[in-house]
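Visitor: Starting from the known structure of chain U, arrange chain F on it as the hints suggest.
One line per chain: the protein sequences are U and F, in this order. Heads up: the first sequence begins at 235 in the numbering used here, then just goes up one per residue. Heads up: the second sequence begins at 369 in the numbering used here, then just goes up one per residue.
None of these hints come from the bench; they were simulated from the model. Possibly wrong hints are sitting among the right ones.
Derived lysine-lysine pairs resembling BS3-like cross-links, with alpha carbons at most 25 Å apart [to be verified]:
(1) F:K640 <-> F:K615
(2) F:K652 <-> F:K692
(3) F:K615 <-> U:K428
(4) U:K413 <-> F:K634
(5) U:K428 <-> F:K621
In this text, all values refer to a predicted model and were calculated from it rather than measured experimentally.
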Amino acid sequence: MEPISEVSGRAIPFGRKNVDTDVIIPAHWLKTISREGLGEGAFETVKKEQDSVFTDPEFAGAPILIAGDNFGCGSSREHAAWALLDMGITCVIAPSFSDIFASNAFKNGILTVALPQDAVDRLMEVAQTDPIDIDLQSQCVTTRFQDRFEFDIDPFRKHCLLNGLDEVGLTLEQGDTIKAHERRMETDLPFLAKAVGTAG
Amino acid sequence: MTKSARTLYEKIWDAHIVDQRDDGTCLIYIDRHLVHEVTSPQAFEALRLSGRTVRRPDLTLAVPDHNLPTTARTDANGAELPIADKQSAQQLAALRTNAPSFGIRYIDATDREQGIVHVVGPEQGFSLPGATIVCGDSHTACHGGIGALAFGIGTTELEHVLATQTLLLKQSKTMEVRVDGELAPGVTPKDLILHIIGVIGTAGGTGHVIEYRGKVFEDMSIEGRLTVCNMSIEGGARAGLVAPDEKTFAYLKGRPYAPRGADWDKAVAWWKSLATDPGATFDKSVVIDAADVQPTVTWGTSPEDVAPIGSAIPAPESYADPSKQQAVKVSLDYMGLEPGTRLKDIAVEHIFIGSCTNSRIEDIRAAAAVLKGRKKADSVKWAIVVPGSGLVKEQAEAEGLDKIITEAGLEWREPGCSACLAMNPDKVPAGERCASTSNRNFTGRQGPGSRTHLVSPAMAAAAAVTGKLTDVRELTG
Chain U
235 MEPISEVSGR AIPFGRKNVD TDVIIPAHWL KTISREGLGE GAFETVKKEQ DSVFTDPEFA
295 GAPILIAGDN FGCGSSREHA AWALLDMGIT CVIAPSFSDI FASNAFKNGI LTVALPQDAV
355 DRLMEVAQTD PIDIDLQSQC VTTRFQDRFE FDIDPFRKHC LLNGLDEVGL TLEQGDTIKA
415 HERRMETDLP FLAKAVGTAG
Chain F
369 MTKSARTLYE KIWDAHIVDQ RDDGTCLIYI DRHLVHEVTS PQAFEALRLS GRTVRRPDLT
429 LAVPDHNLPT TARTDANGAE LPIADKQSAQ QLAALRTNAP SFGIRYIDAT DREQGIVHVV
489 GPEQGFSLPG ATIVCGDSHT ACHGGIGALA FGIGTTELEH VLATQTLLLK QSKTMEVRVD
549 GELAPGVTPK DLILHIIGVI GTAGGTGHVI EYRGKVFEDM SIEGRLTVCN MSIEGGARAG
609 LVAPDEKTFA YLKGRPYAPR GADWDKAVAW WKSLATDPGA TFDKSVVIDA ADVQPTVTWG
669 TSPEDVAPIG SAIPAPESYA DPSKQQAVKV SLDYMGLEPG TRLKDIAVEH IFIGSCTNSR
729 IEDIRAAAAV LKGRKKADSV KWAIVVPGSG LVKEQAEAEG LDKIITEAGL EWREPGCSAC
789 LAMNPDKVPA GERCASTSNR NFTGRQGPGS RTHLVSPAMA AAAAVTGKLT DVRELTG
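For reference, chain U alone in the conformation it holds in the complex:
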C-alpha cells in the first residue's frame, strides 16, 4: 500500500447522497480476476448522464472525490474501493460513509474524510475551479482561499495510512507471535497443526 500524507489536486464535485456500491461499480464488473482496470466500470451509469462530472475533461485524473451523505452503502464488494483507486482517487470527502466501504477503502489505502455538510458544500464550490489540499498529519483540508476544515480519524488508521501499512503488513510484523502459537498447537493440538493424513 502506498503511504499517504498529503493529497493535493482537483476534486470531482459529485455531491450525490446515498451512492451505493452498485453505482460505484456495477455487478457485471465482478467477474474479473484483477483489482486493476475497474476504473473503466466505475460510475458506469453516472457517466452516461448528461454533463456528468465523471466525463468532464476538467476533472480527468483528479485524485479527490467529493460526495454526499452515506457514501458507499450497499454490498460489501471491495471492487468499489478498487474501482476508485483505479480511477486515480486516493481521497473521498463526504459528510458520512458506510462502515463497510470506509473499512474497505482504508484496507486499500484510500483516505476517507468526513466533514460537516456546510464544509462539504464549500469544497464543492471551490472544486469547480480550483484544487484542494488534504494534509493527513495535521488532519485538515485547505484551499487557496484560506478555507481550513479539520477532520477526525481513528489513530490506528492514521498511523497505517501515513506509513503505508496494510493489515497484512502489520500482522506479518507479528511473525514470531504467530510462530509461537504454531509451536503450541503442534504440541497441544497436533491434529489441527497439520493437514496430512493419508493425503499428504
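Guide: Leaving out everything else, chain F in the frame of chain U:
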C-alpha cells in the same frame, strides 16, 4: 481470562487466540483455508505484487466450483472440453495457475475429488471439529455441521489469511437455537432450517454465532447438520455449529486428511471436551418445538419468507412492520404471486436439486426415494440433479440412484455450484419458477428475473413429479 463455564464457540475461540489487543480485537489462528476461483484471484495478485508468500500452503486447499458447467468436462477420448464463457474460463484458469504457484494443494475440475468447496472440505476430512475454517464464501458456515468454527471472508481478509494464517477479529455474541422433540416423518433438516430462519428472521443472528442444540440435532445425520449450519448466514449469523459427537467421529474416521493413529485418539479426546459446559450461558436463546415444523417452502425473495406447504401466500397487511409490508408487496410482484394463493397450487417449470446446502449422498437418496417408479411432469421443462462432488456422484452411481433419477426424466450432472447462483450455464429464465434445494431466493439469484422457491430435496423431487409445489407426504403416503 477465560470463563469457567464456556460454550462450544467460546472454547474454540479461546484455543485460537494468537494475540489480543487492548480494544479486545484478537488475532485468531486459522487452521484450514478453502479457496475457490471467484474471490481468490485478487488476493493472489496482491501477494504477487507485494512479493509475499502463503504462510501455510499445507493448511490450504483449492478447488474450482462456482463457474464450472455441470455438463461433461471431457470428451470421449478423455480430453478436457473448453469452457465457452471467456470470463468463467479466465477465473478457472487463474486458480489452476495460482494454487500450484503458491504451493497450495489444488483439486482440478477433472479430478474425481472435485466438488463444491463446502462438500469437499468435510468429505476429505480436511474440515475438522474444533478447527477455525475460512473461505471467501458466506456459506462457509456449513462446516459448523462437524463442529468447526467456520465463516466466510472478503478478499482482503483472504489475502490476510494466505499471508499470515490469521485474522483480526472481534469475538461474536453467542446464540442458542434449541430444538427438542422429533421431526415428523417427511420433515427434513432443510425444512427445519427454513423454519428457523422464518422464526428468527434474516437479521436474527447478526453479530452472533449460533449453536444448534437439542435432541433433534443430536439425532440428526452429519449431512443434515451440514445443511442446517450452511444456512446460518441466511439467519444473519456468520457462523453456526453443532457439537461434535460419536456420529461426527464416525463420519470423519479414515477420510483422506483426517488424523490417524495417536493423533486420532488425541483429537477425539479434545473434540469430546468441546461441548458447551453445563451452566454456560448464551447471549440469546431461541427454543423451537420440533412438532411445529412442517415441510416448508419459501414464497418471496428473502429466505425468511417461509411457510408450511399446506398454507397460502400471506397478505402484506398481515405484517406489523410497514417496511416489511412494502418489501412483501415488492417481493410478491417480482414472484408473480397473489396473497391467498395456496402454495400447493403454484406450478414450477424448473427443478434444481444440488448446491452446498443439499447435494450430499443423503440428499440424492432422498430425491431418488421420491422419484423411484415415478416420472417428471411434462410441464416441467428442466430438472437437474447435481451431486456436490465427484465422490458423491460415484457413491450415488454405485447405489444405482443415477438410474432412478434419469429414468424419472431428470438430468444427472457433473458436480459444481450449478443453478444456485447463475455464474455458470445453469440458469432459470426470466419470469419462470424453480423449486430449488439451494439457499438463496434473492431477486435474480438463479438468473435475471428468475423466481426461486427454496425446498428440501424430497420436496423438489415431489414438485418434479407433479409440476407444482407439493407436500411430499401426500405423494409418497
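Visitor: Need the status of pair K615 of chain F, K428 of chain U: alpha-carbon distance at most 25 Å?
Guide: 23 Å, holds
Visitor: Is it true that the CA of K640 of chain F sits at most 25 Å from the CA of K615 of chain F?
Guide: Within the cut-off at roughly 12 Å; holds.
Visitor: Need the status of pair K428 of chain U, K621 of chain F: alpha-carbon distance at most 25 Å?
Guide: Measuring from Cα to Cα gives roughly 16 Å; hence the hint holds.
Visitor: Need the status of pair K652 of chain F, K692 of chain F: alpha-carbon distance at most 25 Å?
Guide: 23 Å, holds
Visitor: Sort out whether K634 of chain F lies within 25 Å of K413 of chain U, counting only the CA atoms.
Guide: 22 Å, holds
Checked against the numbered hints given earlier, this structure breaks none of them.
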